[in-house]
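There are 2 protein chains.
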Amino acid sequence: MAVKAQVLYDFTAEPGNNELSVREGETVTVLDQTVGGGWIAAQNSGGQTGLVPEGYIQVIRVSNVSGGEWGEDSWGGGGSYTRNTTEGQNSQGHTNTQQAYDDDDDEWDDNWDDQSVSGYRDSNQVDEEGGASGRLAHGSTMKISLNKFPFSKGPNPEVFLLAKPPTNSRDRLPVYMGEVGAVWLYPSSPVDCVITDPKKESKLYGLKSFIEYQLTPNSTNRPVNHRYKHFDWLYERLLEKFGSALPIPSLPDKQVTGRFEEDFIRSRMERLQAWMSRLCRHPVVSQSDVFQLFLTYRDEKEWKMGKRKAEKDEMVGPMMFSLVEPEGPELDAAEVERRCEQYSRFTKLMDDGVRELLNVGHTHWKRCTGPLPKEYKRIGQAFGNLSTVFNSSKYPGEETLTEALTAAGKTYEEIAQIVAQQPQEDLHFLLETNSEYKSLLGCFPEIIAVHKAAVEKVKEADRLVSAGKINNNDRKCMNQRISCMSYSLQAEMNHFHSNRIYDYNRVMQLYLERQVTFYQQIADKLRAALNQFSTL
Amino acid sequence: MAVKAQVLYDFTAEPGNNELSVREGETVTVLDQTVGGGWIAAQNSGGQTGLVPEGYIQVIRVSNVSGGEWGEDSWGGGGSYTRNTTEGQNSQGHTNTQQAYDDDDDEWDDNWDDQSVSGYRDSNQVDEEGGASGRLAHGSTMKISLNKFPFSKGPNPEVFLLAKPPTNSRDRLPVYMGEVGAVWLYPSSPVDCVITDPKKESKLYGLKSFIEYQLTPNSTNRPVNHRYKHFDWLYERLLEKFGSALPIPSLPDKQVTGRFEEDFIRSRMERLQAWMSRLCRHPVVSQSDVFQLFLTYRDEKEWKMGKRKAEKDEMVGPMMFSLVEPEGPELDAAEVERRCEQYSRFTKLMDDGVRELLNVGHTHWKRCTGPLPKEYKRIGQAFGNLSTVFNSSKYPGEETLTEALTAAGKTYEEIAQIVAQQPQEDLHFLLETNSEYKSLLGCFPEIIAVHKAAVEKVKEADRLVSAGKINNNDRKCMNQRISCMSYSLQAEMNHFHSNRIYDYNRVMQLYLERQVTFYQQIADKLRAALNQFSTL
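Going down the list, the protein sequences come from chains A and B.
Residue numbering for the first sequence follows full-length UniProt numbering, beginning at 1 and increasing consecutively.
Residue numbering for the second sequence follows full-length UniProt numbering, beginning at 1 and increasing consecutively.
Excised from the complex, chain A in its bound form (with noise of 0.2 Å):
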């Protein structure tokens, strides 16, 4: 059965690429899924073809029960939030995909496990000019768009601000006022993970292999195994219970060719990493259930149960506000919604300036990597050859010239290569956390449009009173969440802002100092040819 997809932003082909051109809302048929490079091969109503960024489709994933029409209710992982909804507490409505979760971990598809494009290292794949990620504008915030899709356009803001704040105290999230404003409780042992030993595993007598990681926290100590497609679970988890409230960032992308080659390897553990590092930095992620489970299970039957026990959560989406406990006073929808609007023009400003310096980095890091070493190499190249013509004069006298320009020549030659090589020492972890905070950024605009919902709906409480809606307690109750919500976005405005300065601090001065290396390793390897000429 042919594959179909939705569109999810309009997209216009350039002319001459082999590119498809399609609008938002339109159902395309999936041709190819491998082509790489981050992009799909897909065919129009029309008949059409051509390739499409896979950021800018989503694929319908049809339910063999309900047959094969895309409808609300097929949309993937996000549809577990409906049990909790309007829609009635059907635990077993859960659907297709999850069923799947569900079976024996090697029932797993194995077709999405271990495949992501590999980001902006692989020059051939990623240009910021024509490729397929550098127009994915809105790449990051796709998952969450779709988990959020029941909450905005599905039930009403007032299931959760009118629902029954939940029973068990275990998880409630105290915000505190802290010198800064709301704050998080912080653990008062921060948790941390270290992923080493990636090892290429098989099953089915090695007709299927996969890479295991190997985890371990500093809570315990005990190393865990996990696949990528754990990871993935993982990220869907978070998703679902805390995307409303919290940024949680995307997974290392997909990489469809090469994914037992050691470099790959090496940078997708490297970017696992920083994920996991990132999240052990989170309160609220790092405490939760789900994620405690990630890092310590101690065999597979707690992972297994505690899998299914997490898929079966009904504390997830806005009902995460529920559990907030602010400690400052409370506040009106008037004011959350200016905090909002604060909080969304600085979101957006820093992700213009976080994809200014991603794109201007990946230019840079081209000529780098291209024609800069290659013109120091001709440079090179011709020191050393007229060095050679030189030796051929035979006019006497003139070896210490010919040796010194040989030097230089190498010395130029040398120095392609460590330009060549310089991105990866320095540009690469530049790029590395700002793709990580336009990650983060990316979920912000879902975020505010949570609370933007809830303001709206808030305004109109006293309609909603004087037609007999609701009643005069609900609408205190009301009142009371939206300030809840807003101390929660404080606080974790206040986290993204302590993080942010902690990383960009970090990464900058990493940048310079290695920048710093390289150019006096440069000046210090001419100085040294410079010195092998003979003064006049």
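Certain hints may be false.
It does not matter which identical chain is used: a pair holds within one copy or between any two.
Calculated pairs, DSSO-like style, for lysine-lysine (alpha carbon to alpha carbon, straight line, at most 27 Å) [what the hints assert, rightly or not]: (1) 199 x 459; (2) 348 x 377; (3) 452 x 374; (4) 366 x 525; (5) 366 x 410; (6) 377 x 203; (7) 377 x 366; (8) 229 x 452; (9) 452 x 394; (10) 438 x 312; (11) 394 x 438; (12) 525 x 438; (13) 394 x 348; (14) 410 x 348; (15) 374 x 348.
Just so you know, these hints were derived from the structure itself, not from any lab.
Since the structure of chain A is provided, determine the placement of chain B on it from the hints.
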């Protein structure tokens, strides 16, 4: 009357570039000599118009007396050599062009004054990939080819080989056997001169203006003034007199636009200085009457008389060889041929090496002044923008980070400027020196061809004796003369080698010194930027 030009080399137009394909020997009509960038607008006999590289054609100067048709006797300054050939000692026979030179200074055609292509520094006009000068593979040998024309295609080498030695021994050119082989007699006090104070002068009540340079030779320490066209006149004289035996470097290129702009004047003066310094260092050229006249004339009268005398000089072209007095034993034609081959190989190889260095240098120049600093500026601005965004966060205590980020941004913007200016600081001199050597090396094929033609003639000596065309004394004389030619070439090659070693040693040191300073400066700036970040 339409200006006609003879096409010297095949030129194939690039499609879409408004160029005109022409074939060697074709006559075209010159439409516009002022288009600039080394191009001339021309029309072929079929009526097609387009641009042709100015070095590929030779404007035909039609004598008003002899009528409009182009003929052998209408070739330019080089025709003067015919005075000393089998066509007779007709001292009245110099061409129309020379007649003009003999007239009052103001009568010189101002159209060719002060017009030159600015060379590689004008990156808009000159481009090693597409521009006119990049394609002028034979550009520097052009004038010599024309001047050698009477020798190569006109009178036989026997004109020199059998001519009587001159009676005036004052002009004799001794060749000694030094440590490195044959060497010219070097003057005990080397000539040098300094060019300063370019002044814009005008005549015809300001209708015509020009730049006058002040030259101060070390011999008299008395400044003399010269316009560019005087330098051009000197170049023509030296080429005529010495071009068969010594490489006479071309004058700085013609430039059509901006002849009074400061940069152009500074650049031309610098190049005229380099040109004069090189000639001053040459023991034969610097001691010649015409060169001494140029540097030391006392007044207008002495200058004009000297000019007339120089233009009537009969010891020009291959006749120079008859002045050579070698110290070493007589060489035979086979030995001369062997040495010719050796020098030909070397100069060809070095010409290739120099061209390659110029090519990569021009490419590097463009990158360093174009995309690279733009990228550093963008990186700097991206840091600066992030700092501005961070500043708007209202999160307390991040001044250290935002100030350091701003400083880092400014540092990269400064680096952008340093990078853009750097080629002028270092690459400039490397390219200038290599351009000079390209010009010198371009003279050797002709010099070597003169020797080869003489060798061929001497090989015929037996047959000529049998045919009664020459006697045994003539044959002996020929052998003696070709030996002189070889010593002259050896002395010149040794002069070339010794200068080459000096020049490349000097220019490579200068280049590397300034490259070290450049990289060190950037390392230091970045270190200062790094220190603004707080240690974590």
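**Report entry** List of violated hint numbers, smallest to largest
**Finding:** 1, 3, 6, 8, 10 and 12
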